[in-house]
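Peer 1: Residue numbers (numbering that gives the first Met the number 0), protein chains in the order written: chain X, 0 to 320; chain W, 0 to 287.
Simulated from the structure, these hints should not be mistaken for laboratory data.
Just to be clear, a hint being listed does not mean it is correct.
As the list claims (entries may be wrong) - A partial selection of chain X residues facing chain W, derived with a Cβ cut-off under 10 Å:
#1 G22
#2 D25
#3 V26
#4 Y51
#5 L128
#6 L252
Note that the coordinates shown come from a computational prediction; the quantities given were computed from them, not determined experimentally.
Where is the CB? At the ideal position from N, CA and C, for every residue including glycine.
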Amino acid sequence: MASALDTDDRKAVRRFERRQRLGHWDVKYSPYLYIAPFFLIFAVTGLFPIVYTAVISLQDWDLVRNTGEFIGFDHFVFVFQDPQFWKALRNTFSIFLFSSVPQLILATFIAAQLDTNLRAKTFWRMGVLLPYVVAPVAVSLIFSNMFGDQYGVVNSVLTSIGLDPVGWHTDVIPSHIAIATMVNFRWTGYNALILLAAMQAIPRDLYEAAAIDGAGALRRFFSVTVPQLRPTLIFVIITSTIGGLQIFDEPRLYDVTGQGGANQQWLTITMYMYNAGWGKFDFGRAAAIAWILFLIIVVFGLINFYLTRRLVSDDRSSGGK
Amino acid sequence: MARKKSTSITGGRPGWFTYGALGIVLLVALFPFYWTVLIGSGDQSSVYTFDAFSWESWIPGGNLMANFQAVIDNPAVGFWKALGSSLIVSIAVSATTVLLATLAGFAFAKLRFKGSGPLLVFVIATMAVPVQLGAVPLYIVFQELNLVGSLWAVILPALVTAFGVFWMTQYLSQSLPDELIEAARVDGCSMFRTFWNVALPAARPAAAMLALFTFVTSWTNFFWPYIVLGNSDSKTLPVALQVLQANYFIDYSIVLAGVLLSTIPLILLFVFAGRQLVSGIMAGAVKG
C-alpha cells in the first residue's frame with residue numbers, strides 16, 4: 000500500500016517536473032519560434048536570392064537547362080561599357096532630383112500650413128493624402144496622357160496662353176519632369192503628413208521663446224521648425240532615395256512600348272535591368288545590374304544621410320534656439 | 000490636444016493665405032482625377048478635340064458606363080478575374096503580414112532572449128534591400144516550382160515584411176504593459192496563449208493600420224507581379240491595366256475608364272479608412 004502511494008507521489012512529482020521543464024522551454028525557446036516565420040521567409044525569399052544573385056551575375060545563364068557557367072566579371076564589364084547603362088543612370092538620378100527636391104520643399108510647406116489651427120483638419124489631411132491610393136501604373140497612364148506631346152492637356156493649356164508646346168515625350172529633361180511629377184503627385188501629401196506629425200511634436204515654448212526674442216514667422220520657421228525636423232527629414236530623404244532610385248512603374252508605362260523612349264530619354268536602371276532579364280532573357284546580366292543598382296542605392300543613401308545631417312545641423316548652430 | 004494651451008503664437012484661426020494655399024494644393028491633387036473622369040467619359044476623339052479655352056471641353060461626356068463595359072468586355076484585360084486576383088493577393092498578404100509581424104513584434108518587444116538586439120537590427124537592415132536584387136533568382140526558383148503565372152509567386156515572397164515586424168515591435172514595446180504579460184503567465188498561460196489572449200488584442204490598433212498599408216501596397220504593386228504574371232491569365236489589376244495601353248492603337252477614353260474602374264476599390268477604401276491611414280502615417284512618423 001505504502002509503496003503504491005509512493006509511486007503515485009513519485010509520478011505526480013515527475014509530472015510536475017515535466018510541466019516545469021516544459022514551461023521553462025516555453026519561456027526559453029518560444030521567442031525564437033515567434034520570430035522564426037519572418038526569418039524563414041526572409042531567408043528563402045530575401046537572403047538566398049541576394050546571395051544567389053551575386054553567383055548568377057558571374058555566370059552565363061542557360062535558360063533551357065536552368066544552370067549557368069562561370070564567366071567572371073564579363074557582365075559587369077559589359078554593363079559599364081554599355082552607353083545605355085550610363086543613360087539609364089543619368090535618367091534615374093535626374094528623375095530622382097526632379098522628384099525629391101521640389102517634393103520635399105512642397106511637403107514641408109504643406110505640413111507647415113496643416114500645422115495651424117485649421118477648420119476641418121481631417122478634411123485637409125485626407126485631401127492631400129488621396130493621390131497615395133492611386134497605383135503608380137494608373138498614375139502613369141493618366142499623366143502620360145496629360146503630358147501628351149500633341150494632344151495633352153498640359154500642352155493644350157500652354158499653347159492656349161501663347162507658349163510653345165513642350166516635347167514631354169521627345170525631349171530628355173521634359174520627360175524627366177513629367178515622370179517626376181507623377182512621383183510628386185503620389186508622395187507629396189504622404190510626406191507632408193509625416194512632417195506634420197514631426198512638427199506637432201516640437202515643443203511650443205520654443206516658438207514662444209523665439210517670438211519673445213523678436214523672430215518673425217519666417218525666421219521662426221527656419222530657425223526653429225526646420226532644425227527640429229532634422230531626424231524626420233533624414234528619414235524622409237533616405238526612404239525616398241531607396242524608393243526613387245528603383246523607379247520602374249511610372250517610366251515603364253510612360254509610353255506604349257515601355258522602352259524608355261526612342262533615344263532612351265527616360266530609361267531607368269530598373270527598366271534597363273528588366274530589359275536585360277525579361278526582354279533579352281539574359282539573367283546573368285540582369286543579376287549584375289541588380290547588384291550595381293543595390294550598391295548605388297547604398298552609397299547614395301549614405302551620402303544623402305551625411306549631407307542632410309550636415310546641412311540641417313549647420314542651420315541649427317547658426318540659428319540658435 | 001496638448002497644444003491647445005500654448006497656441007498663443009500659432010493659435011487663432013489661420014488666415015486666407017493658409018486656406019488659399021491648401022485649396023490650390025487640393026485642386027492640383029484632384030485635377031488628375033477630374034481629367035480621368037473627363038476623358039474616361041468621352042469617346043476616342045475627346046483627347047484630340049480638347050480645347051482648354053472652350054468650356055464645353057471641360058464637361059464630362061456620357062460614355063463612362065459604355066467605356067467601363069468596354070474595359071470589362073476586353074478579354075485581354077480580364078477585369079473581373081484581375082479584380083478577384085488582386086483581392087485574393089491583397090487580403091492574403093495583409094492577413095499573414097499582420098499575424099506573423101505581431102508574433103515577431105511580441106517576441107522582440109516583450110520577451111527576453113539571447114540575440115534579440117542584433118536580430119532586430121538585422122530585420123531593420125533588410126528594409127533597405129530593393130526587390131530588384133532578388134528578382135532573378137526568385138524567378139528561377141518559381142520557374143523550377145512551376146509557379147510562374149500563379150498567384151502564389153506574388154503571395155509567397157510577401158507573406159511578412161520587415162517593416163511590419165519593426166512597426167509591431169515599436170507599438171507593442173510602448174503600449175503593452177509588462178504586468179499584463181506577467182499576470183497571464185502567473186495564471187498559467189503558455190507563451191502562445193499569452194500572445195493570443197493578451198498581446199494580440201492589445202495590438203489591434205497598430206495591426207489595423209499595418210493591414211491597411213499592406214493592403215494598399217499590395218494592391219498597387221507592379222514590378223514583381225508584372226514579371227511573374229505578365230504573360231499569364233491570372234493578372235492582378237495593375238498588371239491587367241497595362242494591357243490596355245499595350246495596344247498599337249490607343250483609345251484613351253477606354254484606357255482612362257479602365258484606370259478609374261481599377262482605382263474605385265481603393266477610393267472606397269479611402270472613404271472608409273482614410274482617417275486611419277492619416278493617423279497611421281502620422282503615428283509611424285513620430286516613432287520612426
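Peer 1: Determine for every hint whether it applies to the structure shown.
Peer 2: Structure-based check of each hint:
1. Interface hint at G22/X: satisfied, since its Cβ lies 8 Å from the closest Cβ of chain W, which is below the 10 Å cut-off.
2. Checking D25/X against chain W by beta carbon gives a least distance of about 5 Å; that is within 10 Å, so the hint holds.
3. Taking 10 Å as the C-beta cut-off, the interface hint given for V26/X holds, the closest approach to chain W being about 7 Å.
4. The closest approach between the C-beta of Y51/X and any C-beta of chain W is roughly 4 Å, which is under the 10 Å cut-off, so the hint is satisfied.
5. Taking 10 Å as the C-beta cut-off, the interface hint given for L128/X holds, the closest approach to chain W being about 6 Å.
6. Taking 10 Å as the C-beta contact cut-off toward chain W, the hint placing L252/X at the interface holds, the least distance being around 6 Å.
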